[in-house]
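Same order as they appear, the protein sequences are chains A and B. If you count the first sequence from 1, position 57 lands on 56 in numbering that gives the first Met the number 0, and the numbers rise without skipping. If you count the second sequence from 1, position 145 lands on 144 in numbering that gives the first Met the number 0, and the numbers rise without skipping.
Simulated from the structure, these hints should not be mistaken for laboratory data. Honestly, I wouldn't trust all of these hints.
Claimed, not checked - The following label-pair restraints were derived from C-beta to C-beta distances:
1. A/N59 - B/A114: 12 to 20 Å
2. B/F166 - A/I52: 28 to 36 Å
3. A/G87 - B/P27: 51 to 59 Å
4. B/S23 - A/S71: 43 to 51 Å
5. B/Y36 - A/R62: 54 to 62 Å
6. B/I4 - A/I90: 29 to 37 Å
7. A/Y49 - B/G108: 44 to 52 Å
8. B/S2 - A/R62: 33 to 41 Å
9. A/I52 - B/F33: 50 to 58 Å
10. A/V73 - B/L162: 29 to 37 Å
11. B/G126 - A/I52: 28 to 36 Å
Each residue gets a CB set at the ideal place from its N, CA and C atoms; glycine is no exception.
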Amino acid sequence: MTEISKLAELRKLVHSMERTLGLEELSPVERDIYYAAEELSKNGSEIRTYGLIEHTLVQNVSRPTFFRALKSLVQKGYLAHSGNANRGRYIVNAPR
Amino acid sequence: MRSWITDTFFASLAYVGASFLTFSVLMPLQNVFFPEYPSRASLLFLPHGVRVLAAWLLGWRAVPALLPGVFIVFALLGGADVFLANRLLAIAIAVTTAPAVFYLLKWAGWDLFPAPGRSPCWACIMGVGGITSVLVSILTNMAFGSSTSEYVAFLIGDMSGLLFLMFGLYFAFRVIDRRA
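Just chain A, same shape as in the assembly (with noise of 0.2 Å):
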């Protein structure tokens, strides 16, 4: 495991306990899919959303509520459109 992946497990730790006690600020649907997109983003490259919505632990997740997550951590700063014009692409964020 790389510092940066044991870096990101200790961050999904304490996101689980943020959950548990009601500490978040993003949804469980979010918070999935942001783990995903963390895991599937190496080394700062571009994730794309037929990558992300295959992701073992979003696999349960409806289109509908995929999509709308999604949106909603653009909005929020967790991920970014890719600069490139292509728009099923994105770069995580770290969050705001």
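Place chain B on chain A using the hints.
The following block gives chain B in isolation, referenced to the frame of chain A:
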């Protein structure tokens, strides 16, 4: 190899830092607010949280990663007595118990280690912290011969230490996120 050095540095640094905070800040405060509390055990023992989280994150590699930090803390507290057989045994107990509990649970079919696509279960980690605390108390009692009344104090200190360490991480990540 570089990853091993980094793991060892950060895990040991976290253990020494948590111990310093516990023995130099929290215990004096405990003595001020609870002067009649008879036990010498800390009611907020942060190093236990470091042990458990390092074992969860690193697996068996937490043993060599924590060893320098635990040895430094024992040496600072006990001086040259750190080389006594019971102290060396206590150091071994401190570094091996948490990884052993995680691996025993994995062997029993309850794998809590981080893995891609798996959401961590913080309540389960707290449970492992409780089991580890009881085991460390029993085994350390064998090494040092502490009274059984200390067990409860150890358990309270260890569990509150793990919980407060996780709250500490929560606030640390919040601060980092706001600055990013």
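Against the structure, the hints come out as follows:
no., hint, verdict
1, A/N59 - B/A114: 12 to 20 Å, "holds (18 Å)"
2, B/F166 - A/I52: 28 to 36 Å, "holds (34 Å)"
3, A/G87 - B/P27: 51 to 59 Å, "holds (57 Å)"
4, B/S23 - A/S71: 43 to 51 Å, "holds (44 Å)"
5, B/Y36 - A/R62: 54 to 62 Å, "holds (58 Å)"
6, B/I4 - A/I90: 29 to 37 Å, "holds (31 Å)"
7, A/Y49 - B/G108: 44 to 52 Å, "violated (34 Å)"
8, B/S2 - A/R62: 33 to 41 Å, "holds (39 Å)"
9, A/I52 - B/F33: 50 to 58 Å, "holds (54 Å)"
10, A/V73 - B/L162: 29 to 37 Å, "holds (34 Å)"
11, B/G126 - A/I52: 28 to 36 Å, "holds (33 Å)"
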